[in-house]
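Participant: Top to bottom, those sequences are chains E and R. Heads up, my numbering is the position in the first sequence plus 11, with the first residue counted as 1. Heads up, my numbering is the position in the second sequence plus 18, with the first residue counted as 1.
Read the hints as simulated data drawn from the structure, not as lab findings. Just so it is clear, the structure is predicted and the values come from calculations on it, not from any experiment. The beta-carbon is built from N, C-alpha and C at its ideal position, and this holds for glycine as well. Heads up, some of the hints might be wrong.
Stated by the list, open to error - Now the stretches of chain E that chain R is said to cover, found in silico as 3 or more residues with beta-carbon under 8 Å: (1) 51-61; (2) 118-128.
Unchecked claim - For lysine to aspartate or glutamate, the following DMTMM-like pairs were computed, each having C-alpha atoms within a straight-line distance of at most 25 Å: (3) Lys-79(E) with Glu-124(R); (4) Lys-27(R) with Asp-56(R); (5) Lys-79(E) with Asp-105(E); (6) Lys-27(R) with Glu-53(E); (7) Lys-63(E) with Asp-74(R); (8) Lys-127(E) with Asp-95(E); (9) Lys-67(E) with Glu-124(R); (10) Lys-27(R) with Glu-48(R); (11) Lys-32(R) with Asp-56(R); (12) Lys-27(R) with Asp-95(E); (13) Lys-32(R) with Glu-90(R); (14) Lys-71(E) with Glu-124(R); (15) Lys-63(E) with Glu-27(E); (16) Lys-79(E) with Asp-65(E).
Unchecked claim - A short, non-exhaustive set of chain R residues, derived as facing chain E with CB atoms under 7 Å: (17) Gly-58; (18) Met-59; (19) Leu-61; (20) Phe-108; (21) Thr-123; (22) Phe-127; (23) Gly-128; (24) Gln-129; (25) Gly-130; (26) Thr-134.
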Amino acid sequence: GDSVTQMEGPVTLSEEAFLTINCTYTATGYPSLFWYVQYPGEGLQLLLKATKADDKGSNKGFEATYRKETTSFHLEKGSVQVSDSAVYFCALSDPSLIKAAGNKLTFGGGTRVLVKP
Amino acid sequence: NAGVTQTPKFQVLKTGQSMTLQCAQDMNHEYMSWYRQDPGMGLRLIHYSVGAGITDQGEVPNGYNVSRSTTEDFPLRLLSAAPSQTSVYFCASSYSNRRTGGLNTEAFFGQGTRLTVV
Chain E
12 GDSVTQMEGP VTLSEEAFLT INCTYTATGY PSLFWYVQYP GEGLQLLLKA
62 TKADDKGSNK GFEATYRKET TSFHLEKGSV QVSDSAVYFC ALSDPSLIKA
112 AGNKLTFGGG TRVLVKP
Chain R
19 NAGVTQTPKF QVLKTGQSMT LQCAQDMNHE YMSWYRQDPG MGLRLIHYSV
69 GAGITDQGEV PNGYNVSRST TEDFPLRLLS AAPSQTSVYF CASSYSNRRT
119 GGLNTEAFFG QGTRLTVV
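Use the sequences and the hints to build the structure in full.
Facilitator: If you want it as structure tokens, here you go:
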């Protein structure tokens, strides 16, 4: 079945540092890829997404590129802020299954990021 | 905008008790799901629904029941609580993006229910 693997945390950074969170996936179909963010005490929010090879998703200074050849979707931000402290989840869904199975998401284990002033 | 609303936010149960976690969405979304979040394991799918009257099992369905009598509501029932069900539970909803064939379908999550079974 489908699976998502992301680097374990916690990742501790200083403000303005560069952030990379690695994410790789295995999928039988041609998945859509997502990064979700969970701030303390809250539910998950969509951060960015990409639906086909070489697509770049971006939002709030974060970027991730859909790399089909390496089955990866690494998240990057050039200069983090304290407010970026959160848990980040990489996820995929298979659009070909959506009618039969709804929008089922397969998640990675999450990476906790702590940004210090 | 209410979005996806879960109640309660916190709950403590004794082993063997039953309870229902409520989930409601006001976006007229077809798809609804329940996930549990455990440390280091991400979110795992418990049950899902593709529309009113239609439900199916996800990855970890044992010990849970669901029903979908209306588009808006998707309650999760714990039949006989066990300590292994201590977790944070999230309800999510999404729509069918027919224009993109489902490619850009974003899931909207509730704020979660933290359940402890003692």
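Participant: Find the hints from earlier in the document that the structure breaks and name them by number, from lowest to highest.
Facilitator: 7, 13, 15, 26
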